[in-house]
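If you read the sequences in order, they're chains F and R.
Letter 75 of the first sequence, counting from 1, is numbered 75 in our numbering, and no numbers are missing.
Letter 113 of the second sequence, counting from 1, is numbered 113 in our numbering, and no numbers are missing.
FYI, nobody ran anything at the bench for these hints, they're computed from the structure.
One or more hints might be untrue.
Unchecked claim - Straight-line alpha carbon distances no greater than 27 Å define the calculated DSS-like cross-link-like pairs of lysine-lysine that follow:
1) F/K74 / F/K106
2) F/K106 / F/K39
3) F/K77 / F/K37
4) R/K77 / R/K120
5) R/K110 / R/K21
6) R/K106 / F/K77
7) F/K37 / F/K110
8) F/K74 / R/K74
9) R/K37 / F/K74
10) R/K39 / R/K74
11) R/K77 / F/K77
12) F/K39 / F/K77
13) F/K37 / F/K120
14) F/K77 / R/K21
15) R/K120 / R/K39
16) F/K74 / F/K110
17) F/K74 / F/K39
18) R/K120 / R/K74
19) R/K110 / R/K74
20) R/K77 / F/K106
21) R/K37 / R/K74
22) F/K110 / R/K77
23) F/K120 / F/K110
24) F/K77 / R/K110
There are 2 protein chains.
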Amino acid sequence: MIILGIDPAIRCTGYSVIEVKNVSSIRILDCGVIKNKPKDLHSECLRRLSGGINELVHHFSPDYASLEEAFYGKNIKTSMVLSLARGAIIARLAEHGVSCYQYSPKTAKKSITGSGRGSKEQIATLIASIYNLNINDVPLDATDAIALGICHANFYFSLGPENLTEYLI
Amino acid sequence: MIILGIDPAIRCTGYSVIEVKNVSSIRILDCGVIKNKPKDLHSECLRRLSGGINELVHHFSPDYASLEEAFYGKNIKTSMVLSLARGAIIARLAEHGVSCYQYSPKTAKKSITGSGRGSKEQIATLIASIYNLNINDVPLDATDAIALGICHANFYFSLGPENLTEYLI
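Please work from the sequences and hints to get the whole structure.
What follows is the structure, encoded as structure tokens:
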């Protein structure tokens with residue numbers, strides 16, 4: 001089972017590709033970021049996000065995508081720009097028939113730290129140690145995406161796929 | 001010049017296809033809606049919106065898209081769902097190299113009524129009369145999209161394309 005973890009944002013979207021054989025066999029195949037320039041138009045950012053997701057889907061044929069849940073921030077403009085990015089990404093995943101799930105940042109972090117707390121640095125260190133990775137191979141911007149991928153794997157095996165409808169997008 | 005007018009929404013997106021030869025020769029080639037079922041998952045709605053836009057682009061090869069500007073509504077959840085739809089639509093248009101512009105509902109309506117006011121019914125009647133259409137061929141849900149298309153044509157010719165950067169998405 002391949003899970004694509006995605007932490008969407010208009011300027012820097014983190015992603016991870018997780019291979020899961022069973023609850024105790026989780027391997028990180030790839031992780032990284034899709035970056036956009038600060039001055040690029042939103043349309044150009046969305047084109048690049050959509051294209052980046054397309055490449056990942058073609059390369060890894062994921063079964064599931066696990067996205068960070070949208071937060072209702074205090075700044076409505078920021079929340080709406082984040083939703084633009086989510087819309088472009090989810091549309092592309094759905095076109096390819098990849099089922100999309102969402103989890104809160106805290107729920108995702110709990111899959112790594114147990115407490116749901118911890119800085120990006122701490123979580124990156126933990127991930128590198130648990131999954132035998134070189135810490136330099138875990139870009140900080142991708143740690144949330146890795147946590148999201150592992151979170152979906154855990155939920156899938158602990159609750160069963162039929163009990164995850166509340167997380168479906 | 002072909003302009004695609006789009007009034008985005010997750011459940012019912014209005015569209016129009018406008019052919020413009022010059023400021024006094026505007027023809028409505030097509031208009032309608034992309035509808036989604038009330039209970040469909042957001043991912044399915046976004047897939048259908050993206051696919052619908054794709055078909056329109058393939059069929060009409062528009063030069064420009066004119067979208068309704070996102071409003072910062074009181075209900076942040078509604079505004080964020082609208083942004084999901086916009087994100088899926090804009091990403092697809094950008095992939096095809098269609099330049100995307102946005103205008104407020106009032107600005108768009110002014111292109112038809114002068115005052116920027118008027119119900120959907122009144123605007124549909126005006127559009128049918130000005131553009132020699134059967135009123136039954138102007139679905140109410142598409143009137144805003146028609147106004148958006150005509151608005152971009154008017155701005156393009158009155159201000160010049162080089163002066164429309166503030167409307168670029």
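Do the hints match the structure? See the list:
no., hint, result
1, F/K74 / F/K106, "holds, 18 Å"
2, F/K106 / F/K39, "violated, 31 Å"
3, F/K77 / F/K37, "holds, 19 Å"
4, R/K77 / R/K120, "holds, 25 Å"
5, R/K110 / R/K21, "holds, 21 Å"
6, R/K106 / F/K77, "holds, 20 Å"
7, F/K37 / F/K110, "violated, 32 Å"
8, F/K74 / R/K74, "holds, 12 Å"
9, R/K37 / F/K74, "violated, 31 Å"
10, R/K39 / R/K74, "holds, 24 Å"
11, R/K77 / F/K77, "holds, 12 Å"
12, F/K39 / F/K77, "holds, 17 Å"
13, F/K37 / F/K120, "holds, 22 Å"
14, F/K77 / R/K21, "violated, 37 Å"
15, R/K120 / R/K39, "holds, 26 Å"
16, F/K74 / F/K110, "holds, 24 Å"
17, F/K74 / F/K39, "holds, 24 Å"
18, R/K120 / R/K74, "holds, 22 Å"
19, R/K110 / R/K74, "holds, 24 Å"
20, R/K77 / F/K106, "holds, 20 Å"
21, R/K37 / R/K74, "holds, 25 Å"
22, F/K110 / R/K77, "holds, 26 Å"
23, F/K120 / F/K110, "holds, 13 Å"
24, F/K77 / R/K110, "holds, 26 Å"
The structure fails to meet hints 2, 7, 9 and 14 from the earlier list, while all remaining hints are met.
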